[in-house]
Amino acid sequence: MVHLTVRTFIRKYNHKFVDKLRVYVRGGSGGISFPSLGGIGGHGGDVYVVAAKDNSTTLRDMKKTYTTQRFIADNGENSSRNKLFGLKGASIYVQVPHGITIVDADENKIIGDILKPEDKLLVATGGKGASSRNNYQQKKGKWRNLWLDMKVIADVGFVGFPNAGKSTLLTALSNATPKVANYPFTTMNPEIGVISYDDFRSIKLADLPGLIEGAFMNKGRGHSFLKHVERTDVILYVVDVNGFQLSPRDDFRNAFETILYLTKELELFDESLLTKDKILAINKMDSENSSDNFEILINQLNNYESHLDTIPKALLPEDKPEFKHIIPISAQEGSGTEELKLRIREVLDKTAFEDNKHLRIENEGNNNDALLDKSNQDNERKLIL
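Residue numbers (the working numbering): 41 to 425.
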């Protein structure tokens, strides 16, 4: 029997998915002037990153299509005797998938995000054309090395340790057909599914690759997996009621410990993730002793403080994890999945209602401010008159 380490497994089976791509962008140089006749060179073109019209575009597609990953705008047109005012060089619009964070690779600074179809971001400006204003010295365009960092946009993100049954659950809840097998790391890339309700409401689900302890330190490519949780509204913990053990050489973790360690990984990666609404799905309730194990888990969660003695301090989250709902399920047999669908909808609808309420309050406040400003302006006009 061949045993693969975590690193070997990921390297072997994760070569197709691209969620981060480095590119070079440069604005065009300004055009040459014609000083004796006062001619002005055209400005160089700019480089923009825009949301792709067809959101099926992926970073892998970009990598295959643009093999050099270099995007350079056209130079400005030179001034001449027959054409004193050179035209601006053509700008480049680099189409990227929705859900991209654009990072300056050299300064490690976020420039902006491309999330919606109309989003557009200027990433490199063209140089000024030569003219009397710059002593007839045309300027070069700005250049940058960029990271295009893909983060999945979904309503609900699944988190859990490998082999918890996340892929099976995604299939049970939605129209997705992820790869499912009874071994860890079946899911190597984010898988997306959609729950469609009778009233035509659709909720997007993201099955994220399984985490391992130390994910926050990028163990097992933890950063690549955890970052996808950032753009989900609700976090769905998927936990095996019988516990988890990555390999015979690793420690066994019962369901209670699994929940604590998952929470700690999220906290250490980005503590703001824990402010999101969370639902706990306890899976594999069709297995032997599952009812007893579930009862033990609920007792541990209800009497939280009294069950922390055996947990290493370094792996304890700062605060007790709180869940909107705790639902026992069997993703394999489908039991509990309808209840889970209803609870997911309930939490998301409540979140949307709260967000809209806050937005209405802000808008009302802004309207009042606008009226006050208008009144003040009217008064000022009267004083001037």
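Hints in this document: simulated from the structure, not taken from any laboratory.
All of these numbers come straight from a predicted model, not from anything done at the bench.
Backbone N, C-alpha and C fix where the C-beta goes; we use that ideal spot for every residue, glycine too.
It is possible that some hints are incorrect.
[Unchecked claim] Only pairs whose alpha carbons sit at most 20 Å apart, straight line, appear in this in silico SDA-like list of lysine to any residue:
1) Lys364 / Thr377
2) Lys191 / Phe240
3) Lys60 / Lys104
4) Lys160 / Leu99
5) Lys60 / Lys123
6) Lys123 / Pro75
7) Lys182 / Pro75
8) Lys267 / Ile338
9) Lys364 / Glu328
10) Lys360 / Val274
11) Lys160 / Phe125
12) Lys390 / Asp326
13) Lys156 / Ser242
14) Lys364 / Asn329
15) Lys182 / Lys104
16) Lys60 / Asp146
17) Lys360 / Asn342
18) Lys160 / Glu117
19) Lys390 / Lys267
20) Lys381 / Ile193
21) Lys244 / Leu382
22) Lys390 / Arg289
23) Lys60 / Lys267
24) Lys149 / Ser131
25) Lys191 / Gly139
26) Lys360 / Thr350
27) Lys381 / Asp273
28) Lys381 / Asn342
29) Lys104 / Asp146
30) Lys244 / Tyr106
31) Lys390 / Phe240
[Claimed, not checked] Between beta-carbon pairs, the in silico distance windows are:
32) Leu314 / Thr350: 52 to 58 Å
33) Phe292 / Tyr133: 51 to 57 Å
34) Glu335 / Asp144: 25 to 31 Å
35) Ser236 / Lys353: 55 to 61 Å
36) Ser76 / Ala130: 50 to 56 Å
37) Ala145 / Lys316: 49 to 55 Å
38) Ala130 / Pro75: 22 to 28 Å
39) Glu345 / Tyr237: 53 to 59 Å
40) Ser312 / Thr107: 35 to 41 Å
Consistency of the hints with the structure:
| no. | hint | result |
| --- | --- | --- |
| 1 | Lys364 / Thr377 | holds (16 Å) |
| 2 | Lys191 / Phe240 | violated (26 Å) |
| 3 | Lys60 / Lys104 | holds (14 Å) |
| 4 | Lys160 / Leu99 | holds (17 Å) |
| 5 | Lys60 / Lys123 | violated (44 Å) |
| 6 | Lys123 / Pro75 | holds (13 Å) |
| 7 | Lys182 / Pro75 | violated (25 Å) |
| 8 | Lys267 / Ile338 | violated (30 Å) |
| 9 | Lys364 / Glu328 | violated (27 Å) |
| 10 | Lys360 / Val274 | holds (17 Å) |
| 11 | Lys160 / Phe125 | violated (29 Å) |
| 12 | Lys390 / Asp326 | violated (31 Å) |
| 13 | Lys156 / Ser242 | holds (18 Å) |
| 14 | Lys364 / Asn329 | violated (26 Å) |
| 15 | Lys182 / Lys104 | violated (26 Å) |
| 16 | Lys60 / Asp146 | holds (15 Å) |
| 17 | Lys360 / Asn342 | holds (11 Å) |
| 18 | Lys160 / Glu117 | violated (25 Å) |
| 19 | Lys390 / Lys267 | violated (25 Å) |
| 20 | Lys381 / Ile193 | holds (19 Å) |
| 21 | Lys244 / Leu382 | holds (14 Å) |
| 22 | Lys390 / Arg289 | violated (44 Å) |
| 23 | Lys60 / Lys267 | holds (11 Å) |
| 24 | Lys149 / Ser131 | violated (24 Å) |
| 25 | Lys191 / Gly139 | holds (5 Å) |
| 26 | Lys360 / Thr350 | holds (16 Å) |
| 27 | Lys381 / Asp273 | holds (15 Å) |
| 28 | Lys381 / Asn342 | violated (24 Å) |
| 29 | Lys104 / Asp146 | violated (24 Å) |
| 30 | Lys244 / Tyr106 | violated (30 Å) |
| 31 | Lys390 / Phe240 | holds (18 Å) |
| 32 | Leu314 / Thr350: 52 to 58 Å | violated (23 Å) |
| 33 | Phe292 / Tyr133: 51 to 57 Å | holds (53 Å) |
| 34 | Glu335 / Asp144: 25 to 31 Å | violated (53 Å) |
| 35 | Ser236 / Lys353: 55 to 61 Å | violated (45 Å) |
| 36 | Ser76 / Ala130: 50 to 56 Å | violated (28 Å) |
| 37 | Ala145 / Lys316: 49 to 55 Å | violated (29 Å) |
| 38 | Ala130 / Pro75: 22 to 28 Å | holds (25 Å) |
| 39 | Glu345 / Tyr237: 53 to 59 Å | violated (39 Å) |
| 40 | Ser312 / Thr107: 35 to 41 Å | holds (38 Å) |
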